[in-house]
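S.K.: If you're matching them up, the sequences are chains A and B in order.
Under this note's numbering, the first sequence has 168 at position 168, and the numbering climbs by one with no breaks.
Quick note: to get this note's numbering, add 337 to the position in the second sequence (first position is 1).
Treat the hints as calculated values from the structure; they're not laboratory data.
Just so you know, not all the hints are guaranteed correct.
Coverage of chain B stretches by chain A, computed from C-beta distances (three or more under 8 Å per stretch; other residues unrestricted) [claimed, not checked]:
no., stretch
1, 436–443
2, 454–460
3, 617–631
Pulled a few chain B residues facing chain A out of the computed Cβ check, cut under 8 Å [claimed, not checked]:
no., residue
4, V379
5, P429
6, F447
7, L448
8, N451
9, T524
10, L527
11, L528
12, V530
13, I572
14, I582
15, L606
16, F613
All C-beta atoms in this analysis are idealised placements derived from N, C-alpha and C, irrespective of residue type, glycine included.
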Amino acid sequence: MRRADLGAQLLAPAALVALVALVGTFTSRAIEIYFLTAIVSVAIVVAIYVFVGNSGVLSFGQISFVAVGAFASGVLTIPLESKTGVLPDLYPVLRDHTVGNVPSLALAALVGGAFAFAVGIPLMRLSGLAAGIATFSVLEITHNLLREWTKIGPGATTLSLVPETTDLLQAAVGTILVIAAAFAYQRSRFGRSLRATREDAAAARAAGIDVHRQRLWAFTLSGALAGFAGGLYVHLLGSITADQVYLELTFVTLAMLVIGGVTSLWGAVVGALAVSGLDSFLSEAEQGVGVGFTLDLPQGARLVVLGSLMALVLVLRPSGITGGREFSFAWLRRRTA
Amino acid sequence: MSGPSLLAALDAQTLADATGLGAVYALMAVGIGLVFGVLRLVNFAYGQLVMAGAYTLAFTSQADWPTWTGIVTCFAVVIALSTLMDRLVFRPLRTQSPAVMLVTTFAVAFLLQNVALLVDVRDGTIGEPAASVAPLNQAVSVWGVEVRKVSIVAVVVAVVALALLAVLLTRTQIGLQMRAAATDFHTARLLGVRADTVIAIAVLLSAVLAAAVAVLLTVQNPLVAPDFALKDTIIVLVGVVVGGIDRLWTATLGGFAIGFATGVINGALPTDKTVFLPSVVFALVILVLLLRPAGLFARGRAGFAERM
């Protein structure tokens with residue numbers, strides 16, 4: 001592979017995210033939120049891709065790590081003076097300490113990674129549907145604990161008063177870090193070993209690769225990145241409930257990954273941006289938007305259009321928009337040659 | 338959850354209702370398992386077929402159609418929708434990986450649910466009542482125990498449907514072909530089994546079961562909303578995989594078991610004691626999958642769930 005192509009595989013997704021952030025700075029506050037959400041969803045989808053894309057094992061559990069990251073980071077950044085009032089039942093260690101924005105993001109990554117590692121030790125022995133249901137069970141357990149256990153969080157109520165520190169700069173820098181980590185991993189010996197097990201588990205094992213161990217590394221890294229993305233997410237929203245990091249987010253982010261193309265980093269980024277972009281456009285269209293003519297969709301039509309387009313892409317192009325390939329200048333060279 | 342209070346709450350009525358719920362879930366499990374057998378596709382949108390049937394019952398009931406025409410229309414709508422889903426979505430995706438197929442069924446489920454929402458909110462409220470089938474929810478006294486009619490009907494329907502299906506699968510030409518296709522689709526095709534026919538019949542049978550489930554669930558929950566049967570589908574899918582999706586009877590048993598367990602838990606435990614129950618249940622699910630990845634009731638290890 002040409003050196004330029006290898007560089008482009010990292011730079012193209014990073015540049016795309018930076019471009020989206022840059023365009024976002026020229027918009028009004030009401031529109032800016034769409035750009036912020038799109039960029040943070042890239043971070044979440046890339047985190048999922050690190051495990052699902054490289055291992056070929058479907059996981060419905062990665063949003064659990066987003067959830068613990070979001071709640072850890074959120075609970076720890078609420079100002080001390082208001083914390084005892086809104087979250088009286090917390091463990092003293094959580095109640096009496098508050099950290100800044102950046103340390104809270106690092107903590108979110110740490111908590112997400114540690115949780116994923118602990119869960120992964122037994123679960124990474126499974127594959128196929130059993131893995132799908134087992135990881136789904138992790139999501140259910142996480143959601144149940146976050147909703148009911150008031151010593152670690154707000155329980156069934158909303159976690160609010162979280163400082164809204166995720167502006168376009170923090171979202172873009174954070175997401176580009178996630179992309180860089182995913183790229184470094186997939187080019188490393190570990191990433192290559194795991195991709196070999198995805199293509200042919202038996203052959204990879206014959207070549208001396210420990211499938212369980214390689215999956216566990218990826219699962220842990222994916223959990224850490226997901227936790228970090230969760231930290232970005234909670235500081236974007238300012239308030240969050242356990243239901244916001246549960247089934248719907250799981251389905252939407254998985255759909256983004258599959259629509260973009262499961263097996264490439266480029267696919268994860270393109271899928272996340274394309275689906276969030278479309279979603280934002282359709283929400284505006286429900287308000288009425290001018291595109292040459294005035295497009296005025298009835299309320300609720302957004303999700304119908306989104307669902308049909310998702311199904312359509314999957315039926316017509318099951319390997320995703322990018323075909324599951326990394327970004328490359330090869331098509332340019334072919335055209336100019 | 339102390340033992341005596343749990344046992345005391347387990348009266349005959351709770352057990353009867355739990356058996357009824359188990360029967361309904363067993364029917365759903367068969368419907369999901371039939372399609373999985375021939376297509377290797379976990380149809381997450383199965384619950385939306387049930388939902389479509391339930392809406393049909395609600396709208397026909399509001400239009401004052403006789404109950405039996407409502408039920409017939411419900412079957413027709415569900416069968417038509419299921420066939421449409423097979424032609425438009427499943428058929429082009431037959432050769433794709435399970436992940437792509439599963440996510441596509443998510444997308445279809447999401448789409449159908451939002452179409453339902455769009456139709457439902459035209460009158461300004463979410464949820465449509467289906468009064469016509471409600472009388473089945475009344476209780477009758479059987480040997481001194483109050484049992485809701487629908488629980489009895491559910492068990493009878495499940496037993497009859499499973500018996501008919503067993504006869505179809507073991508005693509007819511097409512049943513033999515379906516079992517062959519479920520065992521090894523490629524070889525079955527080489528030997529002259531027509532793929533489209535076998536799949537169409539599996540889809541048809543699973544739609545008939547979905548329509549029956551729609552009627553039974555609507556009786557118990559007469560306010561039909563867009564997320565109708567969504568939670569049930571998730572529970573049944575867990576039950577099916579825990580039971581063993583590779584074979585129809587283990588999947589069915591898994592569906593029945595999880596339905597029965599859900600019924601007993603909901604009926605016997607006070608709400609304040611069940612807050613952490615989902616965690617316990619799903620931890621058990623993980624444990625079962627780790628110990629027996631091919632399913633609780635499966636023989637040995639199945640190929641699809643090999644351990645790493």
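S.K.: Checking hints one by one. Is V379 of chain B an interface residue toward chain A, by the C-beta closer than 8 Å rule?
M.R.: For V379 of chain B, the interface hint holds, since the closest Cβ of chain A sits about 7 Å away, which is under 8 Å.
S.K.: Under 8 Å is the threshold here; is the Cβ of P429 of chain B close enough to any Cβ of chain A for the hint to stand?
M.R.: 5 Å, holds
S.K.: Return the status of the interface hint for T524 of chain B: holds when the least beta-carbon distance to chain A is below 8 Å, violated otherwise.
M.R.: Interface hint status for T524 of chain B: violated (21 Å vs cutoff 8 Å).
S.K.: Does the interface hint hold: is L527 of chain B within less than 8 Å of chain A, judged Cβ to Cβ?
M.R.: At 24 Å from the nearest chain A Cβ, L527 of chain B fails the 8 Å test, so the hint is violated.
S.K.: Report holds or violated for the interface hint on F447 of chain B, using the least CB-CB distance to chain A and a cut-off of 8 Å.
M.R.: This interface hint holds because 5 Å falls under the 8 Å limit.
S.K.: With 8 Å as the cut and Cβ atoms as the points, is L448 of chain B at the interface with chain A?
M.R.: 3 Å, holds
S.K.: Double-check N451 of chain B for me: the hint is only fine if its C-beta lies closer than 8 Å to a C-beta in chain A.
M.R.: Status holds, d = 4 Å.
S.K.: Within the stretch 436–443 of chain B, is the number of residues with a Cβ closer than 8 Å to a Cβ of chain A three or more?
M.R.: holds (count 6)
S.K.: Report holds or violated for the interface hint on L528 of chain B, using the least CB-CB distance to chain A and a cut-off of 8 Å.
M.R.: This interface hint is violated because 27 Å lies over the 8 Å limit.
S.K.: Given that the stretch 617–631 of chain B was listed as covered by chain A, double-check it with a C-beta distance under 8 Å for 3 or more residues.
M.R.: This one holds; 8 residues, not fewer than the three required, reach chain A with a Cβ under 8 Å.
S.K.: Have a go at the I572 of chain B hint: is there a Cβ in chain A nearer than 8 Å to its own Cβ?
M.R.: At 11 Å from the nearest chain A Cβ, I572 of chain B fails the 8 Å test, so the hint is violated.
S.K.: For the stretch 454–460 of chain B, count the residues whose Cβ lies under 8 Å from any Cβ of chain A; is that count three or more?
M.R.: Coverage by chain A holds for the stretch 454–460 of chain B (3 residues, Cβ < 8 Å).
Violated hints for the displayed structure, listed by number in ascending order: 9, 10, 11, 12, 13 and 15.
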